[in-house]
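Asks: Line by line, the protein sequences give chains A and B.
Using this note's numbering, the first residue of the first sequence is number 1, and each one after it goes up by one.
Using this note's numbering, the first residue of the second sequence is number 1001, and each one after it goes up by one.
Calculated from the structure, these hints are not laboratory results.
What you are looking at is a predicted structure, and each value in this text was computed from that prediction instead of being measured.
Idealized CB from N, CA, C, for every residue including glycine.
Watch out, some of these pointers could steer you wrong.
To be verified - Listed next, the stretches of chain A that the computed footprint assigns to chain B, with coverage defined by at least 3 CB atoms under 8 Å from CB atoms of chain B:
hint, stretch
1, 4 to 12
2, 131 to 145
3, 235 to 246
4, 250 to 263
Claimed, not checked - DEER-style ranges, computed between Cβ atoms:
hint, chain 1, residue 1, chain 2, residue 2, range
5, A, A223, B, A1543, 31 to 41 Å
6, A, A240, B, I1007, 48 to 58 Å
7, B, A1015, A, R255, 38 to 48 Å
8, A, E232, B, A1015, 19 to 29 Å
Claimed, not checked - Take a look, some chain A residues computed to stay more than 10 Å from chain B by CB distance:
hint, residue
9, M1
10, F54
11, W65
12, K77
13, G100
14, T177
15, E282
Single-letter residue listing:
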Amino acid sequence: MIATDVDQLFDPAFLGRLESLSLLARQLVRSRLRSVRRSVQRGASVEFAEYRPFVAGDDWRYIDWNAFARWRQLVLKLFVEEEDLHVHLLLDCTVSMDWGQPVKFDYARQLVAGLAYITLANLDRAAVIPLGAEDYQLWPPGRGRHRFLQLLRYLTRCPLADTATSLEDAARRWVATQPRRGLAIWVSDLFGADLGDALRALDRVRYSRHELAVIQIRHPGEAQAGEVGEYEVEDCETGAVEKVIVDAGAARRYRERFAEYQESIQRYCHTHQIPLLQVSTEIAVTDVITRSLMAGGFVK
Amino acid sequence: MSFLQPIAWSALALAIPIVAFYLLKTRLRRRLVSTSLFWHQLAPQVYNTSLWRKLRRWLSLLLQLLFLTALVMALAQPIAAWQSLQPASLVLVLDPSVTMEATDVAPSRWQHALQLAAQRIDQMRGVDEATLILAADPPQVLTSWASSKRLLHRALAQAQLSGHSTDVRPALALARNLAQGRPHGHILLLSDGVWPEPPKKEQLAGIEAPWISGDGVNTGLTLFAVRRAFSGPGEFQLAARVEAHGPSPVSGNLEIYRDGRLMDVQALELTPGQPWDRTWDGRAGQTTRFEAKLAGFPPDRLTRDDHAEAVLPAQTPVKVELVAPANGFLDAALSSLDSVAWKRTWPAQQLGPAQPGMLYVFYRCLPPPDFAAATVLIDPAASGPWGELRGPIDQPLISDFQHDSELLRHTGIEKIGLQKAREFIPAPGAEVLAESFGKPIIFGQWHGDRRWLALTFDLESSDFVLRTAFPILLGNIIESLRREADVAPPAPLPGPIASALKRTVPDNAPVSITSRDAASVAWWSGYPLWWWAVSFGACWLLAEWWSYSRRITE
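One chain only, chain B, in its complex shape:
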């Protein structure tokens, strides 16, 4: 037999104070009496005692020394010869996802997982080895194969929660590769099994997974997001969703703050399994911070989803370059739009290279060849990439237009009166938005990387510029360009699957422990031998002192 911690035998020196305390305890206390006549009478009876009474003290000392020996032996961690013949290799996979923050297992799922990992490391023999993998995105190997418990504990102390849901599949694949490289490789997965995308059964085959989970009672925000609305410049839409999971309905308040000031309070009555949704509309040109808090709900197991923040970025001005001679209508229309920075370039020869994200409006001139930018052509006088000029159209009339087109929305384009226009055969791929009895009046390609739109009539030979359709059409064109730039990411929340705190792994997954959760494992099975030795010794000392004080054994 050998010992993993032979230095523990030095603890046998504790026998010295035990014997000293024994001698101190057995020393008789002196009591002064007025006469010892009656005690003298009793003395023969007092000392005519049973053998047990005489030996009790020695037996007590003997048991204390035996207890000390057992404790020291437990600390020294003896290893039998047969045990060292089969070294084991353990791959510890820790799940740092946000659901491991849940406190339905004391003190938390994460802390419990760390305790199980530390316990497993402590149980390693000298010939065993282990490696630690944190199932983050991407998986992190906290330490390579090591037999040193101190090294493994140090690596374990570096493990941190990720704060969001993680994908455990890459980590499991890595762990399987590592385990297959060892003769007795074994994988221990410490997780609660709550994953948005659970691994397949074959990925879990042969893995020891003591699922760490509790009752999963939780109420949380599963969505909190804000975005720009395209109904008008500066408008936004705020959305929130709250879900409750537990045995009974819960009630509380949802508080919405805008830049730190209370914006709305919603009293919620939540039934488990039935989400609550709500959207708010508003207008904000500058950067705005929104905050949602759940207040007044019963205490739940996950606090991370009780609070969320979303930031609406400031509205980005759209740059417009007007390539045209001075025109009061165009100038007035561009100046009246919000968040538009425009400038005039004339003559057209001064036009620089195309800038991405900028809108170019050409009037009474044509764009240079291969001009790759969003372009609006007003009354183009020649053929080009936009189409082939066929000839004039006299007295055109908007006979048909695309009612669901974003660009023509709210314009009332059918009401404008035109004196003349140019007939084009649109380029392939172009879309006709408005036509006069089959002859395109407004057409173009307004999607993808290269956008262009052609208006085939002259502004001065129609009443278009006198109607609201003119600034509305320009506004629609500009707002459609603003769309991609003003998208705000949603608040970082665990999400509906994580907030439910329910295991997404099927119960028939081929892991070695699936029928019982770690929290339901017998409480006594998690304590090491030395702990039991110390507990037994402490109980024995208490019982010994109690019986001694009351003369139970006399």
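Bound-form chain A, shown alone:
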């Protein structure tokens, strides 16, 4: 049963830990990453970007007269424009997240809340996209720490999908809204309609020229086949039932398949230079956020 109360989902101790994490995030960002965060938009700045031929309607003030003296052609001098970072927090709301103790969905919402808090504390813009819960509106990009309380309420009310949902379809629908490019952090268990569904979904986000980072949440019980015996295994998302006999051999093969899938995710992220954090729900959410900050790539 997922949490539906703010105090239940985000207890005061958790929020207190977030406050201390924001200080750490601020130090890391100021010390090394300020120059990295640049937009491809051109604008007013002190840093030169490139030249562009003058066309009617352009601002006369940006004509480079020295270049005109050399090339006898009117050109505009363009500068790199510094802008706010848009952090898109993609929250997996598919039914497969409603499993385990603690429930993976609650864990993911706490994680998203933590990342959002750090983003807002750094004066960046944070957006939350409930992938799979299409009827629930996304949390639009915004700036300012004052929005955090509203964000918590938003996350608390965030529902799970009521039907089986393909991760690829959910990613495709979000990309189709043409969100402003930025950092997309996908918080998910990466269990899709099939074994390639999650990778295709990541491709969708990657092709839309977003910087992508992935936090894969898994429950310890998912890696094991469980007690021996004969069972009807029911998929909580699709409702599909498989009759299986769990013995030592079947348990071993299950562990092998699970490990292979995890390695395929790792290989994909490594190939495409996507930061990946595979976390277990046994680890405290604040520890995961700390690891994401220290590893880099999640908070810029």
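Since the structure of chain A is provided, determine the placement of chain B on it from the hints.
Replies: Just chain B now, kept in the frame of chain A:
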């Protein structure tokens, strides 16, 4: 083939719950998972299984049903046609003697005998018959020839231990007579073979006797008895004997209680085969209850001989009728004796008929003719059944007397001085206790049914009444009459043979099972077929469930 208990086939209805439980067990448990992607991958491998794996469940059900069928068949007790052609007649002889209470065979020899008897009854076929004899004194036929097992079991339930040693010989004779009246008569003797008087070999010939006995370790009282002592009025003697039987010496206490109060405690160190004896002397005029208990000894096999009770009856007053004129010496002497109730009768014509157990003292008179009672004649003045009067004796002197006579004990009769006496020729059979140079002074016949004693001197013409010899002689006479009345029976104990718990039947007795005791018979041979079927089925179910839980057979 026929069945003794065809109603047992109704137990086949148990197949319904077995099949129901089978279906319940084979129903798959549902497990909710976050994704079935990996299980979907494994599914082809999971169901690509061996034939054994697919058939295992059906084989399990089949074996369970087969087990049920075997059990039901065992309960129905099938009989082959050839079996019913030879009906057997069994005479069951149960030994209820006290040694069957021994617990060296679990739970006890008696219970084990009952179990063997019940087992033998259960094994009877429909055409067989049996009778039950309890080897008590006299033997009891618990039931006549019967084929009904229920009737035989009911009769068996009536069998009780006797609490004492019994003689099995009459029961064996009766059993042999009964068995000889049947074409296939057979005698089964269920006993431990511990009898004070064992039967002869020919009495045991052809008898099936699975002797029921164990190690026989026992420590017990083999004697505990009390009796009046004749050393003085009211005195008693208490005797006890303790014996140990076992591989090693034992130690403990013997506690003696008198009317519930501890009288003595003896610390005993007993060596097997060496009895311990002890007697106690005391004085008690009233009824007294003595109790002996063994305490502190190692646990033994027979408890009945660890405790004994003996009762000393109250001393019975001896009635004395003095047929004499008033005489201060006689009155004083009779009054000074304990437990003597005396009365005077005078003149002699008032004397009634003789009372048995009463002592009559005649002085200066003679008893009536044919007076049949214990009689003391003092100075009889005429001839009679006691002897022939010959004449007076002047200045007699006790020249000789019987030193070992009970009546003259402690009297010092040789010291009395006599002035005159009468000379008698004693009647035939009379015994001369004291004489004066060949002339009898005291004579009589003091044994048997008719007792009489004659003193041939006058009390007033001697110093006899002035000496202690006078009351002592009277006391000895009276105590000798008290002897038979005050005998107390010994405590009811099993006795030395029973306490030993060792078979008294010789090993070469011609019984069919003498080389091994019932306790040493293989333990598995005593269980019926249905018991083995149930045990096998239970083990199979456990193994089946164990292997199923651990996927051993997967």
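Asks: Hint by hint, say whether it matches the structure.
Replies: Evaluated hints:
1. Only residues whose beta carbon comes within less than 8 Å of a beta carbon in chain B count, and the stretch 4 to 12 of chain A has 0; fewer than three means the coverage is violated.
2. A stretch counts as covered by a chain when three or more of its residues have a beta carbon under 8 Å from one of that chain; for the stretch 131 to 145 of chain A and chain B the count is 0, and the coverage is violated.
3. Check on the stretch 235 to 246 of chain A: 11 of its residues sit with their Cβ under 8 Å from a Cβ of chain B, so the three-residue criterion for coverage holds.
4. Coverage of a stretch by a chain is defined here by at least three residues with a beta carbon nearer than 8 Å to that chain's beta carbons; for the stretch 250 to 263 of chain A and chain B the count is 6, and the condition holds.
5. The given range of 31 to 41 Å is respected by A223 (chain A) and A1543 (chain B), whose C-beta atoms sit roughly 33 Å from each other.
6. Between A240 (chain A) and I1007 (chain B) the beta carbon distance is about 53 Å. The supplied range of 48 to 58 Å therefore holds.
7. Under the hint 38 to 48 Å, the C-beta atoms of A1015 (chain B) and R255 (chain A), about 42 Å apart, fit the expected range.
8. Separation of E232 (chain A) from A1015 (chain B) is about 28 Å and conforms to the stated range, judged on CB atoms against 19 to 29 Å.
9. The beta carbon of M1 (chain A) sits about 13 Å from the closest Cβ of chain B, which is more than 10 Å, so the claim that it is off the interface holds.
10. Listed as a non-interface residue, F54 (chain A) keeps its Cβ farther than 10 Å from every Cβ of chain B; the least gap is roughly 58 Å.
11. With 10 Å as the threshold on Cβ separation, the claim that W65 (chain A) sits away from chain B holds: the shortest Cβ distance comes to roughly 65 Å.
12. Every beta carbon of chain B lies more than 10 Å from that of K77 (chain A), the smallest distance being close to 55 Å; the non-interface claim holds.
13. Some Cβ of chain B comes within 10 Å of the Cβ of G100 (chain A); the nearest lies about 7 Å off, and the non-interface call is violated.
14. Every CB of chain B is more than 10 Å from the CB of T177 (chain A) (nearest about 27 Å), matching its label as outside the interface.
15. A cut-off of 10 Å between C-beta atoms confirms that E282 (chain A) is not in contact with chain B; the least separation is 16 Å.
The structure is inconsistent with the numbered hints 1, 2, 13, although it conforms to all the rest.
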